[in-house]
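Fit chain B to the known structure of chain A by using the hints.
Line by line, the protein sequences are chains A and B.
FYI, the numbering for the first sequence is 1 to 353, going by our numbering.
FYI, the numbering for the second sequence is 1001 to 1353, going by our numbering.
Derived from the structure by calculation, the hints contain no laboratory data.
The beta-carbon is built from N, C-alpha and C at its ideal position, and this holds for glycine as well.
There could be a bad hint or two in this list.
[Unchecked claim] Heads up, incomplete: computed chain B residues facing chain A, CB under 8 Å, no partners named: (1) Gly1136; (2) Gly1138; (3) Thr1249.
[Said to hold, decoys possible] Listed next, the stretches of chain B that the computed footprint assigns to chain A, with coverage defined by at least 3 CB atoms under 8 Å from CB atoms of chain A: (4) 1085 to 1095; (5) 1206 to 1218; (6) 1236 to 1242; (7) 1268 to 1278.
There are 2 protein chains.
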Amino acid sequence: MTTVAAIDTPAVLIDLPRVEANLTRFQNYCDAHGLAARPHIKTHKLPDFAHRQVELGAAGITCQKIGEAEVMVASGIRDVLLTYNILGAAKLARLKTLAEHCTLSVVADNEVVLQGLADAFAGGPPLTVLVECDSGGGRCGVQSSVDAVRLAQWIERADGLRFGGLMTYPPKRRIEAVRDWLAEAMHTFQRAGIACQVVSSGGTPDIWRAHEVGAATEHRAGTYIYNDRMMVGAGAATWDDCALCVLTTVVSRPTEARAVLDAGSKALSSDLGGLTGHGYIREYPDAVIHMLSEEHAVVDLSACTGAKPAVGERVRVVPNHACVVTNLFNQVHGIADGQVERVLTVEARGLMQ
Amino acid sequence: MTTVAAIDTPAVLIDLPRVEANLTRFQNYCDAHGLAARPHIKTHKLPDFAHRQVELGAAGITCQKIGEAEVMVASGIRDVLLTYNILGAAKLARLKTLAEHCTLSVVADNEVVLQGLADAFAGGPPLTVLVECDSGGGRCGVQSSVDAVRLAQWIERADGLRFGGLMTYPPKRRIEAVRDWLAEAMHTFQRAGIACQVVSSGGTPDIWRAHEVGAATEHRAGTYIYNDRMMVGAGAATWDDCALCVLTTVVSRPTEARAVLDAGSKALSSDLGGLTGHGYIREYPDAVIHMLSEEHAVVDLSACTGAKPAVGERVRVVPNHACVVTNLFNQVHGIADGQVERVLTVEARGLMQ
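Isolated chain A (complex conformation):
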C-alpha cells in the first residue's frame, strides 16, 4: 500500500473517514428533520461516493450535466434529478435514453425548454419536470409564484410531461428569503389546486438550517462531502470537517517572506467565493496564498511567527472551492491512516455537454 509520502505533487487527497463522517452527518440531519437528502454529485463526480450517499439513505442524486448523469446511471444509480434547463436535439436525445434507465426528473424555467422536453417525450412515459424558481439567487428560475403556476399548468397539459414540483437554488446566507418565497408559492399553488410533490432546495452554506425552509421536502447539497475554505468561511464547516486538500511542494523561497507552491490556478482554480487569498495551508495557518499563476501559488509568510517552510517541504492546501478543484484533476487519492486506500478516477470530469 502506498503512503502519502509516495504521492507526487500536486495531488488531491481525500480523507476517507472525514468523507464518511460528512455524509453520515448530513443524512442524519435530513432524517431528523423529515427532509429527503439528494446529494449533488458535481462536487465529487465519483460513482463510488454517489453509491455511498444512496446507501446511507439519500432519495437519489442531483446532477448538473447530462454527462454526469450518464456516468452515474451507467454505474447503477437509479434516481436522478438533473437541475438544468436542457435544450437542443443532441441533449434531448440523450435525455430520452437516460430516462429509460433511471427515475429521472429535470427542471425548466421557460416555455422554450418545456416545448423541447414535450416534443422529445411525447407519446412515451412522461418525464417529471420541476419548475425552477428564483428565490433570490439571481441565476435561473421564474420570478414569481404566478409564473411558476403558469409553467406547472403548461407541464400538466403536455402529453409527455408530468409536473413534479418546485426547485430552487437559494441565495447564500439568506434562508429567510427562500423560506418566504416558497411559502408564498405554496399558497399560490394551493389556490390553483395544483399539488407540489417535491419542493427541492439546496446548497451547503446553509445546510444546517435547511429545515427552516418550511416548504422544502428535500435538500440538495454537494460541497458538504468535502467542505472547503468557503464553507468554513460560511460557518457550515470547521477545518476538521474539510476532507479534501491539495498536496503541494514548496518549490521556491525567493525571499524571507515568500514561498512558492507547485499548485496554481490549474490545480486550485481561481474561485474566490468572496474570500481573500486562494486557500488555507494546514501546516502554516497564518500564511496567505495571495497570488496564483497557472502552475504556481505565491505565499506571503509575513504573518508566520514560527518556522517557515523550506524548499522541498510538502504542505496541504484546503482550497477555496472543492467542487472546481476535483474538476481539474483526473484522479484523486482516497486516504485513511496516512495510507492511499484507493485511487479514484474522476469519471464524470470534463463531460462538458
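Below, chain B alone, put in the same frame as chain A:
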C-alpha cells in the same frame, strides 16, 4: 464535414486561420528583431500546434510541467525549455528520461533544486540549467544578479550540469523593470567572467515590446496563439486577433435584463486577470457576464440597446484567459470557414505532476 451549428455546447472553438496569423506574426516579429521565439505550449497543450510553431521557425518550445514536455517530446518535438523548479525523485527520474530524447533545458532559483538536478544527472551528459531571476514579477527567481552569479557558479562546478543563461517571467506592463534588471545582470555576469548563452524573457501582454528588453536573446509567449480578453485589455491584441471562443447556449432569460449561458467556471474558469466580468460575448458586446457558478454564466443585458438574446440562441464568449479554458476541455474544435476542420484532443491536459 461538420458545421459549427452541429456542435453541442459548451464547446471550445479555435479559429484556425486566426491561429495561423497569430503564430506567423509573432515569428515574423522575432525574426525582425533577432530574437529566438520559444512558444509556451501551456496555452494550447496540443502537439499539432507546437509542431506548427517549430515549422514556422521557433527555436523550440517552453513547457511548465514535465507531463506537458513528455507529451510534446513523444510527438516529436526536439527542443524543450522547462521553466519550472523540478524537485523530488519521481520527477527527476522522468526528467532524466526526457533528456535522453530531446535537447532539454530547465531552470532553478535555489540550491535545493540544483542539488537534486546535479545528483540526478551526475556522470551523464550534462543538463542545461538557466537561473531563474525575479525581475519584478514577484513569483520565483533570485532577487539579485549577485545571487544569479552565485547559482551560475554552483551549476558550473556541478558534474552533471551546464550553465545555460538566465530566465525571467517579467512583471506585466513594466518592461523597463525587466530591461533594467537584465542589463544590470549582464554587467554582473561580465565582471564574473561568465557567459550567458541564453537570456530568456516572456509573456504575451508585452509581446510587441519584447525587443526593448535589450539583453534578451529569446522570448517565450503562450497566450498569443489564441489571445483573450486579458490580452485585448493589455493592448496586445484586438478582438479580431482572438482565435479561441467558448460556444454557449442561452438556457434562460429569467428577466428582461438577465440571460444565463450554459458555461460557468468549469468552462470559462474564474480567472479575472484584473478585469471586471467573465468574458466578452461577441454577438452582444455590451452584455456583461457578471456572475459565474459552476455551470452557469449570468449575463447582465442592461446596457444592450438592440435585440437581446433568446432562449436557445447560441453565442460565442471570448474568455478572460484562454490558457485556463483549454485546460478545462478534453477536446477543442478547429474551425475554418464555419466548418469543423479538426477535432483536437488536448493531450497535455490534466497531467498534474
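Taking the hints in turn, this is what the structure says about them:
Look at Gly1136 (chain B): its Cβ only gets to about 12 Å from chain A, farther than 8 Å, so that hint breaks. Interface restraint check for Gly1138 (chain B): the shortest CB-CB distance to chain A comes to about 7 Å, inside 8 Å, so the restraint holds. Taking 8 Å as the C-beta contact cut-off toward chain A, the hint placing Thr1249 (chain B) at the interface holds, the least distance being around 6 Å. Interface restraint, the stretch 1085 to 1095 of chain B with chain A: holds (5 residues with C-beta to C-beta distance below 8 Å; minimum three).
With 0 residues having a beta carbon nearer than 8 Å to a beta carbon of chain A, the stretch 1206 to 1218 of chain B misses the requirement of three or more and the stated coverage is violated. Given a C-beta distance limit of less than 8 Å, the hint that chain A covers the stretch 1236 to 1242 of chain B is violated, as 0 residues qualify and 3 are needed. Three residues within the 8 Å Cβ limit are the bar, and the stretch 1268 to 1278 of chain B against chain A gives 4, so the coverage statement holds.
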